[in-house]
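Listed in order, the protein sequences are those of chains A and B.
Numbering that gives the first Met the number 0 puts the first residue of the first sequence at 0, with every later residue one more than the last.
Numbering that gives the first Met the number 0 puts the first residue of the second sequence at 0, with every later residue one more than the last.
Everything labelled a hint here was simulated from the structure, so no lab data went into it.
Keep in mind that a hint or two might mislead.
[What the hints assert, rightly or not] Each computed DSBU-like pair below joins lysine-lysine, with the alpha-carbon atoms no more than 35 Å apart:
| id | chain 1 | residue 1 | chain 2 | residue 2 |
| --- | --- | --- | --- | --- |
| 1 | A | LYS248 | A | LYS204 |
| 2 | B | LYS260 | A | LYS248 |
| 3 | B | LYS245 | A | LYS248 |
| 4 | B | LYS260 | A | LYS204 |
| 5 | B | LYS303 | B | LYS244 |
| 6 | A | LYS248 | B | LYS244 |
[What the hints assert, rightly or not] For the chain B half of the interface with chain A, some residues (derived, Cβ under 8 Å), not all of them:
| id | residue |
| --- | --- |
| 7 | SER52 |
| 8 | PRO268 |
| 9 | ILE272 |
[Unchecked claim] Simulated coverage check for chain B against chain A, where a stretch passes if three residues somewhere in it have a Cβ under 8 Å from a Cβ of chain A:
| id | stretch |
| --- | --- |
| 10 | 213 to 220 |
| 11 | 230 to 243 |
| 12 | 251 to 260 |
The beta-carbon is built from N, C-alpha and C at its ideal position, and this holds for glycine as well.
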Amino acid sequence: MMQQASPAVSSDPLLDVDNLVVEYPVGNKIVHAVSGVSLQIARGETLGLVGESGCGKSTLGRAVLQLRRPVSGRVLFDGQDLTAMQGDTLRLMRQRVQLIFQDPIASLNPRRRIGDIIAEPLIISGVKDAAKRQRLVDEALSAVGLDPALVVGRLPHEFSGGQCQRICIARALVLNPEFIVCDEPVSALDVSIRAQILNLLEEMKARYGLTLLFIAHDLAVVKAVSDRVAVMYLGRLCEVGPSEQLFAKPAHPYTALLIEAIPVPDPDVRPAETVPVGEPPSPISPPSGCRFRTRCPRADQRCSDEVPELRAVASGQFVACHHPLI
Amino acid sequence: MTEGTLLSVEDVIVDLPTPRGNLRAVDRVDLTVGAGRTLGVVGESGCGKTMLSRAILQLLPKKAKLSGRVMFDGQDLLQLSPERLRKLRGRSLAVVFQDPMTSLNPVLTIGTQLIETLQEHLELDMRAATKRSVELLAAVGIPAPEQRLMQYPHQLSGGMRQRVAIAIALSCEPKLLIADEPTTALDVTIQAQILDLLAREQRRRHMAMIIITHDLGVVAGRTDEVAVMYAGRVVERAPTPALFKKMRMPYTEALLAALPKIDAAPHTPLPAISGRPPDPTRPLKGCSFAPRCRYAWAQCQVEKPRLEEADSPGHQFACFRPIGISAGAGA
Ligand SMILES: Nc1ncnc2c1ncn2[C@@H]1O[C@H](COP(=O)(O)OP(=O)(O)OP(=O)(O)O)[C@@H](O)[C@H]1O
Ligand SMILES: Nc1ncnc2c1ncn2[C@@H]1O[C@H](COP(=O)(O)OP(=O)(O)OP(=O)(O)O)[C@@H](O)[C@H]1O
Ligand code: SF4
Ligand code: SF4
Ligand SMILES: [Mg+2]
Ligand SMILES: [Mg+2]
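Excised from the complex, chain B in its bound form (with noise of 0.2 Å):
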């Protein structure tokens, strides 16, 4: 743990007992994220990146079983009682999710959501918790907050009702927010915004902050640090720059490879990866990533690669044939 460590995920397993068997959707994972930073997690759908941020948050299925250590701000979360936990979520661990109506309640109007969070964990007084919520709304470009107290979610589009979710989450001056893909329900123009907002935000209130995305693209310009997830782990962290520029994994070279360039002239074709993720209720024995790598060879379908330093600092990778000098972003 370095100095200034807010989060510190040590070796988590999350393990959920399924009909088809164990299903191991988060396989020792080790993460920090330093106060006031920004963390990207990138990958695929069913990689495990959902159950990372609830192992996070405590907020796990019930059947499902977690091993390892989360610690937030000095202290361990695997320890705390409900109690503490929920008002550690409300006031210093906020969480914004895909879909906003997870968050929202739809019986409840904007105001009644954001002044009770506000009286529960600052314990203002109406008048003072009224104004707050204004200020917030506003805040998250809401135009006539004063009004949209008195709305209830379904009379607000998407992307106002993710403002309203980020609101919240904000309202409490969290340490930590989590985004799990904030914007992917969105459209262009509203997830650009939105990211803006989230960016804004978390350089004025130094708040640290993970982002979740299936999108390289979400994250390029926007964090400090990403770390890619394949079957259930971090197969490689980096510096940002360093990740698009100096990849050694890959897993993440075909990743970016894959995506369609908005340079490159039209029908061309994309270096798409073969096949799909393994099912992760029947790990494989070597590098998950063997079946569609092609770099593997015969070490990589009978061992795991585990993460390992790379030489710049802070960069990490799981593979036995690490790429030397990446093509870099615009291949």
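Okay, chain A solo, but in the shape it has when bound (with noise of 0.2 Å):
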């Protein structure tokens, strides 16, 4: 697939995603989870990635840090490949990079007290010293609001997901990486939890100058974190833009759709009547030309024939459409 410009303009990316493709063998078949996506995350910057379930956000995530291996493409970290990166080297780099899941609970060893799971990093990357390990596991428990003596000791079961999630944070920020994945950070997540943990990714990211790629399927969770916002669909990238601007003046179909499918607190706001637009095709075989055009309310001929690239339709944002919506 030709690409045309980068995506994301960006004077100092940390990351550079390019034409990246990920797939698994399911039997004889092969599910296309991401194909051919390409962005960029400046240093600093929070990048916000949306679209329903299945559309291949965490495997693109996961193919970022090298968790699953891409079939082609390739991601730049601060300007050295990392597909291209095997053994020592890698397991290095891994220490600038953290990702935080959406389960927290399921995501920490419930046989360890929680002290250990946030030494086990440091361990790993070679920090010998306990004394140093335990000063490190201490900061990282205080700097998430969690009492380092009250913790340590304890085992996951003990805390509540809310907890869990800090502590997985805590786990994520003790190396002190450059960059996190955050995969779903709060939607196991209760409303007034949710909205503590996204108060403390912000404090964090602000603190130790995190840059982060930021997955959810709530767009109002991912629009209050986020510098910009990457739309994906069916294992494409649909469009991607400034938060507010891509909120407010929607370039692709399915965007649209996600915004207007958000439930508003306001009793006035009256929803308006979603067209029974289906659901998403397979990813064993996706449509051909452009993915969404089996619920898109504007696909023509041509969006059968012919993929279509991601453009500039304003600026900083980039749309794969044939007839954009601006």
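Make the complex out of the two chains shown on their own, each in a separate frame, by following the hints.
Shown next, in the form of structure tokens:
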């Protein structure tokens, strides 16, 4: 697939993903989970990634970190290609990048004490001085608002979902990373706890100068923390742009559909009757041309013949659509 | 009980024995739902929403102790025989759960499940039941319904399964449908479609509905009335517009404020509610929300506020220091 000028205009990209393809073999078939995605994230920036279940968000996040090796494409982190790295080089690089998962409780080993869970990345990365390890663990826990003295000796099941997510964030922070992939970090949490964790992530980002890829399917959550937002559908990027601009003037019909579907907590806003546009097709045999065409009200012949390439529609806003809304 | 009341829940308590001691999941709840009306029940995880709906349906865990009264369509459900209850649940009192697989049988085809329900409760013959099944699947937006009858639940997507569960729930024209987080497991786009579907069928059939959710956004435009629950109790109850515009209870205000707003600028800090709900096996003496409430004062620590009438009709709240004029939905 031809890729035009890189979609994310960025003077200083920390992450540069170029034409990434990730597939899963299932029996004798292939799941086309990520099909030629390109994006950049500037140093200190948060890029939000939205799209419905199964569109490939987690796969993209994991492939960026090389937790799932892509079939093709490049992932430049601070100018170095992660896809070409092996063994120790990759392990060293991994200290600079971290992942936070959706299910905080399941991602903590139930039989290990919190202190050991957070010290583990330090041990793996070769911090041999136990006193130093303890100091770093204490710092990370304090940073996320937990009292180390009350926490280190306990097991994960003694904590609530929100506290477990704090612990996961502490574990991600302990190596002082530059870049974190947050894969639906608040989806499993209650509204009240969700706000606490979102605020905490924002605070940590400012304090440590972090760069984030923030994955979620809730648009309001994504907007709350993201400088720019990328919308994904069935393995491809539909649209990328500055958060406010994208929500105010979506160019892609799918982005517009997502925005319309957001439940608004205001009784005067009668939800617009949704057009029953059906459900996403299978990523095993995605539609030809534009993958959204089977649900798109604007689809025509060209949409089934030609894959729409990402192109600029407004300053900083890029869309992959033959008939964009703007 | 007012005229046209279909369901009335009176002083309902659900106690569950646990290794940590007694857990009061539902604490003296009073609610009514009029025929054809829609009630939203909102609250954080663990506040007792599901236990309340199970108390109404008489589907509580075996060890649970229930007290109070549940009147439905003129009958006291606590007095009914298991057989009568089963009949009622298939017919005039229906339920849709968060996980559609809870209500679907994985080893039976969609058709078998629909047809059996129709035959059992409406005494239709095979042909009539099949025809009705196809109509129902079409009504809930399932393409190629004839072919779906032959499929098993696992062959459908989550959204399609929930549609089938709704079709089964609607099949016998219930008077009340309880939907317990019917869309929490689904995507935003599919969620909106399912909520629209429920609203449409509710209006068309003049059916009453209780929508249980933790998302205030879900109930805002789709219910007549909302009850907010906290730690097993109803802490505020009002016609939907009043709840959003003239809320009296600090918890309701906090819950609404903590929601990320789609029209707020990125990086706006969220007014989070600090802490978390109390351990339900260690009930507090005073107001359950006191440890997290920014308006709390001495009385709140020692006394439980009772649900009281506000000045506007149908509006009740349980708070010693209610909010005067709230900032409203846009805040
Ligand atoms: N290990 C795997 N083997 C085979 N298929 C997989 C595997 N992991 C994911 N998939 C498939 O790849 C596609 C993309 O999945 P992915 O988990 O990346 O989506 P997602 O956008 O993160 O979804 P969600 O919002 O549900 O987390 C889906 O069709 C999924 O079923
Ligand atoms: N089978 C059970 N045995 C003991 N306690 C239970 C049982 N089921 C639920 N509980 C407890 O009862 C209380 C109320 O639970 P309930 O499931 O009604 O909450 P909910 O409001 O539906 O929460 P959610 O939003 O997570 O579904 C909780 O404290 C819960 O831990
Ligand atoms: S390319 Fe065609 S089908 Fe795809 S989103 Fe645009 S108009 Fe719709
Ligand atoms: S009674 Fe007191 S603690 Fe409870 S909500 Fe009202 S002001 Fe807050
Ligand atoms: Mg995922
Ligand atoms: Mg529940």
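Honestly, which of those hints from before does the structure not fit? 7
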